[in-house]
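Q: The residues making up each chain are set out below.
Protein chains: 2
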Amino acid sequence: MREVAVVSAGMTPFGELWRHSLRDLFVEASLEALRNARADSVDAVYVGNMSGGQFVGQEHLAPLLVDQLGFRGVAATRVESACASGGAALRAAFLDVASGMSDVVLAAGVEKMNDGADVTGVLASAADQEAEVYHGVTFPGLYAMIARAHMEQHGTTLEDLAAVSVKNHRHGALNPKAQFRQEVTLEQVMNSSLVADPLRLLHCSPVSDGAAAVLLCPLSRAKEFTDRPVRIRASGLATSSMALAERRDPAFLDAVRLSASRAYKMAGLSPSGIDVAEVHDCFSIAEICVIEALCFVEPGRGGQAARTGETALGGRLPVNPSGGLKSKGHPVGATGIAQVIEIFDQLRGAAGERQVADAAIGLTQNMGGSGASSVVHIFERV
Amino acid sequence: MREVAVVSAGMTPFGELWRHSLRDLFVEASLEALRNARADSVDAVYVGNMSGGQFVGQEHLAPLLVDQLGFRGVAATRVESACASGGAALRAAFLDVASGMSDVVLAAGVEKMNDGADVTGVLASAADQEAEVYHGVTFPGLYAMIARAHMEQHGTTLEDLAAVSVKNHRHGALNPKAQFRQEVTLEQVMNSSLVADPLRLLHCSPVSDGAAAVLLCPLSRAKEFTDRPVRIRASGLATSSMALAERRDPAFLDAVRLSASRAYKMAGLSPSGIDVAEVHDCFSIAEICVIEALCFVEPGRGGQAARTGETALGGRLPVNPSGGLKSKGHPVGATGIAQVIEIFDQLRGAAGERQVADAAIGLTQNMGGSGASSVVHIFERV
Numbered sequence: 001m002r003e004v005a006v007v008s009a010g011m012t013p014f015g016e017l018w019r020h021s022l023r024d025l026f027v028e029a030s031l032e033a034l035r036n037a038r039a040d041s042v043d044a045v046y047v048g049n050m051s052g053g054q055f056v057g058q059e060h061l062a063p064l065l066v067d068q069l070g071f072r073g074v075a076a077t078r079v080e081s082a083c084a085s086g087g088a089a090l091r092a093a094f095l096d097v098a099s100g101m102s103d104v105v106l107a108a109g110v111e112k113m114n115d116g117a118d119v120t121g122v123l124a125s126a127a128d129q130e131a132e133v134y135h136g137v138t139f140p141g142l143y144a145m146i147a148r149a150h151m152e153q154h155g156t157t158l159e160d161l162a163a164v165s166v167k168n169h170r171h172g173a174l175n176p177k178a179q180f181r182q183e184v185t186l187e188q189v190m191n192s193s194l195v196a197d198p199l200r201l202l203h204c205s206p207v208s209d210g211a212a213a214v215l216l217c218p219l220s221r222a223k224e225f226t227d228r229p230v231r232i233r234a235s236g237l238a239t240s241s242m243a244l245a246e247r248r249d250p251a252f253l254d255a256v257r258l259s260a261s262r263a264y265k266m267a268g269l270s271p272s273g274i275d276v277a278e279v280h281d282c283f284s285i286a287e288i289c290v291i292e293a294l295c296f297v298e299p300g301r302g303g304q305a306a307r308t309g310e311t312a313l314g315g316r317l318p319v320n321p322s323g324g325l326k327s328k329g330h331p332v333g334a335t336g337i338a339q340v341i342e343i344f345d346q347l348r349g350a351a352g353e354r355q356v357a358d359a360a361i362g363l364t365q366n367m368g369g370s371g372a373s374s375v376v377h378i379f380e381r382v
Numbered sequence: 001m002r003e004v005a006v007v008s009a010g011m012t013p014f015g016e017l018w019r020h021s022l023r024d025l026f027v028e029a030s031l032e033a034l035r036n037a038r039a040d041s042v043d044a045v046y047v048g049n050m051s052g053g054q055f056v057g058q059e060h061l062a063p064l065l066v067d068q069l070g071f072r073g074v075a076a077t078r079v080e081s082a083c084a085s086g087g088a089a090l091r092a093a094f095l096d097v098a099s100g101m102s103d104v105v106l107a108a109g110v111e112k113m114n115d116g117a118d119v120t121g122v123l124a125s126a127a128d129q130e131a132e133v134y135h136g137v138t139f140p141g142l143y144a145m146i147a148r149a150h151m152e153q154h155g156t157t158l159e160d161l162a163a164v165s166v167k168n169h170r171h172g173a174l175n176p177k178a179q180f181r182q183e184v185t186l187e188q189v190m191n192s193s194l195v196a197d198p199l200r201l202l203h204c205s206p207v208s209d210g211a212a213a214v215l216l217c218p219l220s221r222a223k224e225f226t227d228r229p230v231r232i233r234a235s236g237l238a239t240s241s242m243a244l245a246e247r248r249d250p251a252f253l254d255a256v257r258l259s260a261s262r263a264y265k266m267a268g269l270s271p272s273g274i275d276v277a278e279v280h281d282c283f284s285i286a287e288i289c290v291i292e293a294l295c296f297v298e299p300g301r302g303g304q305a306a307r308t309g310e311t312a313l314g315g316r317l318p319v320n321p322s323g324g325l326k327s328k329g330h331p332v333g334a335t336g337i338a339q340v341i342e343i344f345d346q347l348r349g350a351a352g353e354r355q356v357a358d359a360a361i362g363l364t365q366n367m368g369g370s371g372a373s374s375v376v377h378i379f380e381r382v
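As given, the protein sequences belong to chains A and B, one line each in that order.
Using the numbering used here, you'd call the opening residue of the first sequence number 1 and step up by one each time.
Using the numbering used here, you'd call the opening residue of the second sequence number 1 and step up by one each time.
Isolated chain A, as found in the complex (with noise of 0.2 Å):
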């Protein structure tokens, strides 16, 4: 297996953009990319999107946009697998970089939510449709089940859950692609409209457009694109059951862990080798499942992370310096390569502001639906 880099970088603001197709701002994060590595061609691309053909009509996305970008004739594929998609689309192009099919590889995410969808059944269809969705339920609805159980367990509190938001916001307030810049309060949170009980609005990332793209190539090949690559280390994907009642704890995502484990075994590393992780919050009880998955925190003491600091900018092991999908929001085929974007500067040092000092290994967790699949890449500097 071939070592592979990440060699550059592209995305597009996150929010509500009504004035931008899908296609605007796939090409948008993908030219940044290739600029940035200099690079005017490339072998393959992978498109990470969940739901082209609900959300706006256009299933087919690889080809469509390959041609919008002026690359006709590249080899190109989507792939999905709901919210994970961008983590999985990731996964796809290091596979082909790693096999020796291809040299330069572009992976890019993109999803345009905000275009007369309904948005919340199309991300319903992430779920178990003939177990959960038949029956009603929603994602909003399924995390507040998790989070109801892991208060249970646990003792988690109402303020554990609010203080992820808190920080990811605070965070978020320093990047400047992110489409909530400002903080939250501890008391906004707890006194936001009541969604699904316990979750309120502050704990639900947002209904977002927005696309990022990385450019991939074999190690030995990095130096031509850029003076500071990133190798990935390691990818994990797996998967647990669709319904969340089918789960023997719906508390604990057996898959995040199940994905961490075979990205930890593959570096070589332990959870402790781990500088700055970027996580996914679409809940704030998200954030807290997938720490304990991922064994930074002992289990059931996730809650207590985002409360004392742990996991903030400053922290042992800050989680989420980019805002995570709860401040910089979450077009949901993008999150995944947004994810793997932010720990590519960070690694880089060239966070700004949110840089983490001296960051030399990053992991990326990016999850589908209520954790039904998992996919977690290890990042290092070169």
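Among these hints, one or two may not hold up.
Since the list gives no way to pick out one identical chain from another, each pair is judged satisfied if it fits inside one copy or across any two copies.
Unchecked claim - Heads up, simulated DMTMM-like pairs for lysine to aspartate or glutamate below, C-alpha to C-alpha not over 25 Å straight-line:
1) K265 <-> D40
2) K177 <-> D115
3) K223 <-> E183
4) K223 <-> D24
5) K265 <-> D43
6) K177 <-> E152
7) K265 <-> D118
8) K223 <-> E3
9) K223 <-> E159
10) K223 <-> E130
11) K223 <-> E187
12) K177 <-> E298
13) K265 <-> D254
14) K265 <-> D115
15) K223 <-> E310
Hints were generated in silico from the structure; no laboratory data involved.
With chain A's structure known, arrange chain B on it following the hints.
A: Below, chain B alone, put in the same frame as chain A:
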């Protein structure tokens, strides 16, 4: 790059399977592939599916389907490239094994089209929404324009078009898994209902449900699963403009030519080295254009090939011995894998009444949209 083999296959019958859900179909085909190889575990699964979201309200198929199969936890990803989703899934599985990441990988395609959705509308989302669909064109209309252009340029006749359907129905009548197991006459084709002039009902592949699965592993391990493995000698993927109007020549499928060139180069073979092929005859005109783009016949001579018997069983180069999409059926996400299964059977001498004598090298060509994406694989008897 490691050598990769196909070691077993499984497939549902194709047809209007009102009593079978998408998950039933996937499990039936996949279990057959696993049973045939006596494999009780896999390292990864790739699901080829065009539009579970629009057809049956279900995205995020990869974790759902591996769980239904009893493989909860296993790495799984959905790959989409419209009607080329199956071929794209095979390519992703091939790269996964070739890279050394995974050893035993299932590539399965599935589509459930008969379930109440507006099938023509959903399929149209594989064309360019802005440049084509918005203005009212559907796929029969797009392929009718391709047919008109081919007739104008090359003198292709209505009899030539009809001969493709007659040939493929004759082949499909010998295939127990085919949706239509009856022969049709030239007169029947030419007098069937007009769909989009010059294309008539019997020029069009049907709306189908079905699934198909193949098991891949490193060639070095193939004998653990079968005494007759088939080697994947090459994989070529290419794209073209999504909108037909933007192509230099609507009757020339440039993505097919490019994907084939890449595959021939990788295999170190010329078109004359191919003994049998399965190609994407979603409409009769498609087979004509595809065999030209694959360089099986001279440019403009595709129309004569079926009429003269050159591409029939017993001819110089049998094309679509399975019956093709026309007669076997076209559950869009499953088609690319079903093509591989026919070639797998042919190269193992297991194609029964459809057997091409002494077939040693076979090719599959799977297409998305009106030719915006094309995947070509070349296989070799070991």
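Q: Could you run down the list of hints and mark each one as holding or not?
A: Hints versus structure:
1. K265 <-> D40: between (36 Å within a copy, 23 Å between copies)
2. K177 <-> D115: The answer is within: 20 Å in one copy meets 25 Å, while 42 Å across copies does not.
3. K223 <-> E183: This pair counts as neither: shortest intra-copy Cα distance 39 Å, inter-copy 61 Å.
4. K223 <-> D24: neither (30 Å within a copy, 49 Å between copies)
5. K265 <-> D43: between (30 Å within a copy, 15 Å between copies)
6. K177 <-> E152: neither (37 Å within a copy, 53 Å between copies)
7. K265 <-> D118: Neither: 41 Å inside a chain and 47 Å across chains, both beyond 25 Å.
8. K223 <-> E3: Within. Shortest intra-copy distance 13 Å satisfies the 25 Å Cα cut-off; inter-copy 30 Å does not.
9. K223 <-> E159: neither (47 Å within a copy, 58 Å between copies)
10. K223 <-> E130: Classified as neither: same-chain Cα gap 50 Å, cross-chain 40 Å, threshold 25 Å.
11. K223 <-> E187: neither (49 Å within a copy, 65 Å between copies)
12. K177 <-> E298: neither (32 Å within a copy, 54 Å between copies)
13. K265 <-> D254: Cα proximity of K265 and D254: one copy only (16 Å, versus 44 Å across).
14. K265 <-> D115: The answer is neither: 42 Å in one copy and 43 Å across copies each exceed 25 Å.
15. K223 <-> E310: The answer is neither: 36 Å in one copy and 52 Å across copies each exceed 25 Å.
When the structure is compared with the earlier hints, violations turn up for hints 3, 4, 6, 7, 9, 10, 11, 12, 14, 15 and for no others.
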